[in-house]
Structure formats: C-alpha cells, structure tokens
Amino acid sequence: MSSTFLDLTNELLRELNEVPLTAANFESAVGVQQHVKDSVNRGYFDIVVDEPQWPFLAVDESGTVDPMYGNVARSTTEGTRWYDLKQAATHATDYGSVDWDNFYITTVGVTGETAPYVGQNLRYMTTEEWKDFQREQENVDDADNKGYGEPKYVIRSPDGRKFGLSPIPDKEYKVWFYAWALPTKLSLASDAIVFPEIYSAVLLAKARYYIWQFKDNPQHAAFALDDFKKGYRSMRSNLLEPTPTYFKDDRVRYI
Amino acid sequence: MAVSQPFGFACTGGLNKNLNELEILKIPGAARDLINYEVDIDGGYRRINGFLPFGYPTHTRPDGENKILGLTQYLDCVIACVNDGIYITQDGVTWTQINREFVHTGGHLTDNLTLAEWNAGGTAPTGHGSAPIIVRTNQGQCSFVFIESTGHIIILDGVNAPYYFVLGGTIGDPLANRTFHGHTIADADNQRVGAATGVIYRTQFITHAGNTVYIAGIDDPEDLTSASTGSISLDQNIVAIKTFRDEVFIFCNNSIYRLINVGDADSQAVVPVTQNVGCISAYSIQEIGGDLVFLSPDGIRTLAATARIGDVELSSVSRAIQPIIVNIAKNINEYNISSEVLRSKSQYRLFYSKDSEEREDSKGIIGTFTGKGFEWSETIGIQAPALASDFDELGVEKSYHGDNKGYIYCHDVGASFSEGSITEIFSIPSTYDTPNFDFGDLGTRKTPYSVKVSVTPEGFMQPTLHVIYDYGDVNVAQPNPYLLSPASSPSVFGISQFGAGSFGGAANPMILQPIQGSGHTLNFKITTNDTAAPFAINGLYIDYYPSGRR
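Respectively, the protein sequence lines represent chains A and V.
Reminder that position 53 of the first sequence reads as 690 in this note's numbering, one-by-one numbering, no gaps.
Reminder that position 301 of the second sequence reads as 283 in this note's numbering, one-by-one numbering, no gaps.
None of these hints come from the bench; they were simulated from the model.
C-beta atoms are modelled at their ideal positions from N, C-alpha and C, and glycine is treated no differently.
Don't take each hint at face value.
What the hints assert, rightly or not - Away from chain A, derived, C-beta distances all over 10 Å, residues of chain V:
hint, residue
1, T40
2, H41
3, L57
4, T78
5, Q79
6, T96
7, A170
8, P254
9, S328
10, G355
11, K380
12, D423
13, V458
14, A515
What the hints assert, rightly or not - Label-pair ranges, simulated between beta-carbon atoms:
hint, chain 1, residue 1, chain 2, residue 2, range
15, V, D343, A, E652, 41 to 49 Å
16, A, Q856, V, P461, 24 to 32 Å
17, A, E834, V, G530, 26 to 34 Å
18, V, V456, A, D863, 36 to 44 Å
19, A, D887, V, G530, 56 to 64 Å
20, A, D863, V, N462, 30 to 38 Å
21, V, V456, A, E834, 29 to 37 Å
22, V, G530, A, N758, 54 to 62 Å
The following block holds chain A by itself, in its conformation from the complex (with noise of 0.2 Å):
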C-alpha cells in the first residue's frame, strides 16, 4: 500500500521533533504543520516538471484497446481539421505531455468500415512546413470543393491544447496517440502517491530541502539536496530508462 500524504508528513515532522498529524486535525494544519505539506507537494511537483513522462503519469496504460499503441483516441469528422486533445478541459487541465512522434490513424474501429482498412503513422509537421506547404490549397479546398483528404500529418495547434490533421479529413477515422496527465497535487490525508513507494525517500528528501531551508539550517539543506539528486538519478533510470541501450548507424559503406 501506497505512502498517502498523512503518512509522508508525519514522516517529516517526526524528523524535526515537530507535533504529528492525525487524520482528523490534518485539514487544518497550520504554521510548520502546513509548511511541511507543502513541501511534500512541492517536492512532489519538482520531480514531476523535471519529466513530463513518467510511467506513473501516464493517462491510460498502452494496449487498453490491442492492438493499438497509443493510450488516447479521438475520432475524426469529415471536414473537421482541429481537434481537442483532452474532451473538457482547460489550460490548467489539460495533458501534460503528449508524444507528437507517435500519433497513428485508422478506420479500424470505425462503425461502417471494412476491410481493406486504413492504418498509418501520421509523421508530425511543424507549424511553418504546414503554413508553407499545405494550409493554403487546404483551406480553398475546404470552402470550395471539399475534397478534403486521407489525413498524413500531424501538427500542434500554438495554444498546444489541439492537433491538426493534414490534408483534412474525408471521412471519420480513429487517432490515437499517448498523453500523460499533470500531476494532482496531494491534497486529503488519505491521498496517496501515484508512484512506487520505494521512490518517496526522493519525494521526501526534496520535501526536506525545502523544510531546513525554512529553518535556517542551509547545511542540513544541502544534505538533503544531495540525497535528492541521487535517489533521482536512481528513480530516472529505474522508472523511464530500463530497457537496453542500443545505437543505430544507418550509413552505408561502399567498398
């Protein structure tokens, strides 16, 4: 079972020889007590904007739907170039990472299609090949003809709340791609961390960081910093660098 929250600050406060927290008096924590809160969230959130993407934070786990690779799916409209990456959200709720390298379009899935389907990589087009290359006959098409088209780019719209398809497409496909959410910053007492509990000696000792710094005790910061900096060295190459390393050369040797 997961560290939750209650367990993580009294962690901490039983460190300085501070009054532990019940369940009860949690909410209401105030002077160190809430400092120490905090600074679990705050540590929480500093290995989390370090990497965007890590498994923990994934929106959904890969393969929900098999054989697809990607963890969300949105479904095209004819004549319908932008879409939502996150249905309902806002600036503040949106993904925190989306993997542009990876989006993938398909009618397999689609009410009505049959085979011989539809399935390919949509290569990410940067804004300016786009502008330069495509928007204009697209557009025109789309107020005149609408002869639209099967969609083989992908682009960001600038706000990064929405992806493009280019050409628009002719017809409803699938797109999937994968997102990782934001971190939820912890909040009740019986909040739990999302990520193994072997790892929340790093979350902690940034947590500490924060809190010696508070109490004037620079030397114990740095302590506490240096802890930090190899448990997340440790935790990155656990977590998001397992798999082996290897070293692709396309060159070609002519002899």
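Mind docking chain V on chain A? Use the hints.
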C-alpha cells in the same frame, strides 16, 4: 549548524501576577499561575495537603447546615461558633453547646457546673445557679481572646456582647469530668455590645465597639469603672485591635493608631501611626516573621518594628499578587475573610469566599515567609469562612477550618479534599504555570527535545506536563499534554514495606520527558487532579535547538 542548548531554572519566587510577560523572564522560577501549590520553605513548589473532617469518619456538625462563623483551639478542645450558638468538642463527634447564661450563686468565675448540670440548662442544682441557653442572635464572624494566665476565653461576634467562658478541670480529661462556666459580659450601658475583636494587653482586656475603644480593669475583663479603665472615641469606625511588641494597635479602614499609656486613665490616648493606610478586614491580621500582617485596600501590608523604640515601618508585601488583592478589596463586602499562620511552614494563609459559592470555587492565598520575603501562591477548593491554627495541650500545632455547610475540618492534612457531607473524596486540582520563555531571543524559533523535571515525591505521583508554544497561539500546533513517568518516594531500609515502596528510588528524581513542537516561546504547565501524595517541583531543565528566525 545549530547545537543543543540547555536552559534550567529553579522554582523560586512564587506566584507573580504583577509583572508583564517580558519582565517576568528576569525571574524564570516565578509562576504565572500557582494553584494549590505552596512555596516550600525547603525550596521548590509543593502541592498542598488537603483536609479531612474533624472526627472522621464519625464526624458531626455542631448545628446542622449553617456556616461556621468562628473556630479556635481552646485548651484540649475546639470551640466553634455557628448560627446563634457556641459549641465545644474534643473529638469532632460530640458537640456541647456552651452559650449559656450561667446565673451563678457562688463567686464570680469560681462557681462552676458539671457537664450534666450545664446541659440541664434551666435546672438549678443545689448550691449553683441555672444555665439556660442565651441565644447569640445574628451572630457574626467571631474572634477569640484567650487569657493565658487564667485559661479563660472571651468570644466576640461583632453583634452581641462579649461572651465569657471557662472550661475547668484537668486538661485531657473527658468533658464529662470537667467543669463549665459561661456568661455574657454585661455592661451597665451595654457599651461593649457589638465588640468584634479584642486583646489582652498585659492584664487588661481591651476591645472596641463602633468607634470607641474600651479598656477594662486590671485582671477583670468585666470591669469598666475602676481607675485603670477608660474609653477613647475615634473619628472613624474601628476594624480591629491587636497587640504587637508590647503595644496596642488600633486598625481603622483608612488609618492606624497606637494606644499609649494603657492603664493610666488620665494619660491613656491614641496616637496616629498613619492616616493613609488602614485595614479592611479584622480577620486578616496575623503575626508572622516578627511582623504584623494585615489586608489593606492596596495590598497585604506589614507593620514591622524597627530598631527605634516606638517606631514602626509599613510596607506592602503583596505586590506580586496585586491583581488578586485588588479583587478582594473591591469585593470585600461580599467575601468571608479568614486567616491563620502555619508556624511550622512559616506561612500566612488567607481564605476568601462568598456565601453563594460552592467549595470548589472558593479561593485563598498562601504567603510563605522566606529569606527573600513573602512568596505567594493561590488555593482553590478550600472554603474556610472560619479558620484556626494553634497549639494543642501537647504543644502540637493543629489547624482547623469550617465551611458554609457547617462542617469542621482538620486543615492541611491528607492528600484530598474530603467533604463532610458525603463519603466521596475529591481530588486536589493543582496548576503550576511557568513564564513564556524565549531563552534570550524572542525572534529565534526553538525546537525543544526534552524536559527534565526535578521533583521531591512524598508518595506516588504522576503529574501531567503541558507544553505551550508562542503564548498559546491558535496558529501554532500545540502538542497534547504528556503524562509524566510516575515517581515515588524512595524506600528506606528498616522502614519501608516490601510491595508498598519504591526500591532503588531517588529522593529527588529527575523525570525525563521527550517533547515535540517548536516555537518562538515556550511555556510549561504542570498539573495534577488526583488524590496522590503531595510532591515538590524543584526546577526544570530544557534541552532545545535554536533554528531560524521564521
């Protein structure tokens, strides 16, 4: 990196309600609250003893549920004034009414009755007069004048004429084998009706009624006519008369006089000592530490003799508890005031309570006379409209108090407040509250790690330690109270019994208590609310780490 800092202090100075939060830090051992503790003459603050009904467990009341108006130790007995009667007892179980008007046929004060004859009242035994009850109508708070040379006692209640009583026979014998004589002192013009206090000065009985002092004849308290007698009127009502260092002092509300040339009707007179300081309660005047202490409107003052003959010095000794005294003075007409001196403890005790108050709300103050003057504490839970402390026939100091419900108690005994009306024993609630320590720097946050409390247990004890940060600020987390480790008085070889004592214990153990929390100031409160044996707190030692200024 911050290192551990020590801070220790001894419990000394007593209660101080006068100094502000910062000034009081100059005397860290002083207390902001010291309730049901007494300043121990051996040092430290000692949880007070309780009280037990006189005659427990078969104790009785002299006259039902009526407030005790006066108490005194008389020879081997205790005299109690209650309602409209005066009673005497040897054991607190059987009370004999003594306010009888002995119409004697024999010689004045030599004609006595046996107990049976005395109790018979209206019957006139052969060779003796009758002794019907003489009702002391509307009897007020009483005082007593003991004539040591004759063993007689005069009882004054501020309403009726003084009452004269003699218990004859061998001290220590049961009352059934003793003789009784008693009558009111009847003056021709009822001059001394309403006398409240009196003294024996050399061999003359001096009392007062209204604004007049009456000086009786030599060896005859009833004589107001011979050459050595006299009366002197003042311009204000007299509160009390007291002798001190072979002089007679007359206390009024706003002035003090000295009676000079007593016995010489032509030259006896009153001389003012001060006309700006007076006494507001006759029952607050006691002699302790070679001085006379009394309650004046601006505090408890002493009338101290100086090296110069006939000279006195007036000073206030209650500055530390001025707010308490001001409250008493403001409500003096509502309070029943009584006082005593516990000689064995060098203590002056004053109790004040209203008729409407319950015992648990009744208060008092205790002043221990130390080498540095009076050090004070408060009491709550002792209702004592009547109080007496004196030596019994064996020379042992005994103390008694009476309450509003008519019960008499042995004062300052035991470890509980044992009310007379029921068998339930009440705990003694006690509180010792230290100043808010800043350890020399109010701006620095301190994280204490432990407290050591030095105690002197007299039996099993287990007080509770409260730690409060930043003056009890609600925005600072305050830890829950800590129940300290128990301590017991050590066992002494040859005295203690196996299973009943604490073997290997120390006489003055240090109880270690780890504590949590942090703040800019720290305050400790040690409380008990139990019937455990008394104990003394000698001092505290705190181990803390200073951190930043936030």
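We went through each hint and held it up to the structure:
1. T40: It holds; T40 of chain V is separated from chain A by about 51 Å at its closest Cβ, greater than 10 Å.
2. H41: Holds, since 48 Å exceeds 10 Å.
3. L57: L57 of chain V is indeed farther than 10 Å from all Cβ atoms of chain A, at 61 Å.
4. T78: holds (62 Å)
5. Q79: The assertion about Q79 of chain V holds, with a minimum of 62 Å to chain A.
6. T96: holds (73 Å)
7. A170: It holds; A170 of chain V is separated from chain A by about 78 Å at its closest Cβ, greater than 10 Å.
8. P254: holds (61 Å)
9. S328: Per Cβ check, S328 of chain V is outside 10 Å of chain A; nearest 42 Å; holds.
10. G355: holds (40 Å)
11. K380: Non-interface label on K380 of chain V holds, nearest chain A Cβ at 49 Å vs cutoff 10 Å.
12. D423: holds (13 Å)
13. V458: violated (5 Å)
14. A515: The assertion about A515 of chain V holds, with a minimum of 32 Å to chain A.
15. V:D343 x A:E652: 41 to 49 Å: holds (46 Å)
16. A:Q856 x V:P461: 24 to 32 Å: Holds, since Q856 of chain A and P461 of chain V (Cβ atoms, about 27 Å apart) stay within the stated range.
17. A:E834 x V:G530: 26 to 34 Å: Hint holds: Cβ distance 31 Å, inside 26 to 34 Å.
18. V:V456 x A:D863: 36 to 44 Å: holds (37 Å)
19. A:D887 x V:G530: 56 to 64 Å: holds (58 Å)
20. A:D863 x V:N462: 30 to 38 Å: holds (35 Å)
21. V:V456 x A:E834: 29 to 37 Å: Since V456 of chain V and E834 of chain A have Cβ atoms about 35 Å apart, the given range 29 to 37 Å holds.
22. V:G530 x A:N758: 54 to 62 Å: holds (56 Å)
Consistency with the previously given hints fails for number 13 only.
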